[in-house]
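Peer 1: Sequence:
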Amino acid sequence: MLRLPAETTAAEVMDQLRSLLAPVQNTGAEHGSPPSAPAQPPVAVPSASDQPVLSAARARQPETSHSADSDRPEHKSPHGTRTLSGITRRFETSTPRMQRMLADLEIAAKHNVTILLIGETGSGKTFLSRLIHEVSPRREEPFVTVACGALPSDLIESELFGHMKGSFTSAHADKEGKFVAARRGSLLLDEIDVLAPEQQVKLLRVIETGEFEPVGGNQTLHSEARLVVASNLDLQPLVEQGRFRPDLYYRLNMLKFEVLPLRERRLDIPLLADRFVEQLCRKHGTAITEIDPAVMAAFMSYPWPGNVRELENVIQRAVIYANGGHLKLEHLPANIVSGTAGPANDPSVRFDSSSSSSQDGNSL
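Residue 235 in the working numbering is what sits at position 173 of the sequence shown, and the numbering runs on without skipping anything.
These aren't lab readings, by the way, just hints derived from the structure by calculation.
Fair warning: there could be bad hints in the mix.
To be verified - No more than 25 Å apart at the CA atoms, straight line, and that leaves these computed lysine-lysine pairs for PhoX-like: (1) Lys318 / Lys240; (2) Lys227 / Lys237; (3) Lys237 / Lys264; (4) Lys345 / Lys390; (5) Lys240 / Lys172; (6) Lys264 / Lys227; (7) Lys172 / Lys318; (8) Lys240 / Lys264; (9) Lys318 / Lys264; (10) Lys240 / Lys227.
Produce the entire structure from the sequences given, and follow the hints as far as they go.
Peer 2: Next comes the structure, spelled out in structure tokens:
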């Protein structure tokens, strides 16, 4: 991993990365084409005639709009065919600020540097993390995630670094930590803000030297994984409150990327709505022929506190209740129709969206 002085600014880091990447881009230009990514295995995609006819929102978008579909190299729809490659084509957005951020992120993703993603829950951080891995030279290596907020504080260190048999009461055998499991791939640490001070010290050491010891062990191990860290909180106030180490913050803040909440990129709502309807119709074996304009108007006026994940869940509910034909207001939860922030679905109804390929990806 690229080791940089702690005082290096984000702008300086991006300038260095651009200069490193330029010779590679120029080499491709000299041969008449840009460098190509390794060939991906073919994936069966339904033909355009098999796709539901959706609202005209996608047709109205410029050709540079980006697809969020993560596991198909090509998307065929009534509006044409697009080849998907790289972050800027696979994270769907028409919001200029997001487009600029994604262009910079694509540059950083190709280099051996730690990346920090800041964004609200459900905004797309896990999906972006996976894209960072997939466009990097590490794409053939493992992509490993750790949801730090889902782990008891006293088990986080064992999860990250592993432990030796007998190092604590329930340590009945040696355990490999995620830094080892990631090998030379990528390791996503989500909700990094929950780490205790002593855990932050050990993480800083790994970032600076690549070295760590398992819990209860004396042997120093070396990590070759690339770190992507994510938080739904701005870390700077935590530094000021004494909850986050300044030295770790400065290391992480060199390459920080903000994923905007959905309410700040409303231009993306029609694109995402169409995409989710396509995906979820395939998942549930139904066909929505049109999204009613009143539905899209409700989507555009709702504040979306749950961001992209909430939008996907609402559309999944609507696709199930509509059962083909038009997607109408009557298929939406009352709070979406009224524009009042609240639960995305009736609490008695739970839908599993884990098999869809959204910008939300897995848990964020």
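Peer 1: Does each hint hold? Answer for all of them.
Peer 2: Hint check results:
Note on Lys318 and Lys240: the hinted pairing holds, with a Cα-Cα distance of about 23 Å set against a maximum of 25 Å. With a C-alpha separation of about 8 Å, the suggested pair Lys227 and Lys237 falls inside the 25 Å cut-off, and the hint holds. Using a Cα cut-off of 25 Å, the hinted pair Lys237 and Lys264 holds, with the two alpha carbons roughly 18 Å apart. Our distance criterion of 25 Å between C-alpha atoms is met by Lys345 and Lys390, whose separation comes to about 20 Å.
Taking the CA atoms of Lys240 and Lys172, the gap is near 22 Å; set against the 25 Å cutoff, the hint holds. Between Lys264 and Lys227 the alpha-carbon distance is near 20 Å, which keeps this suggested pair within the 25 Å criterion. Proposed proximity of Lys172 and Lys318 is supported: the alpha carbons are some 15 Å apart, at most 25 Å. Using a Cα cut-off of 25 Å, the hinted pair Lys240 and Lys264 holds, with the two alpha carbons roughly 14 Å apart.
For the hint pairing Lys318 with Lys264, the CA-to-CA distance comes to about 21 Å; that is within 25 Å, so the pair holds. Distance check on the hinted pair: Lys240 and Lys227 sit about 17 Å apart at the alpha-carbon level, within 25 Å; holds.
Violated hints are absent here; each numbered hint is respected by the structure.
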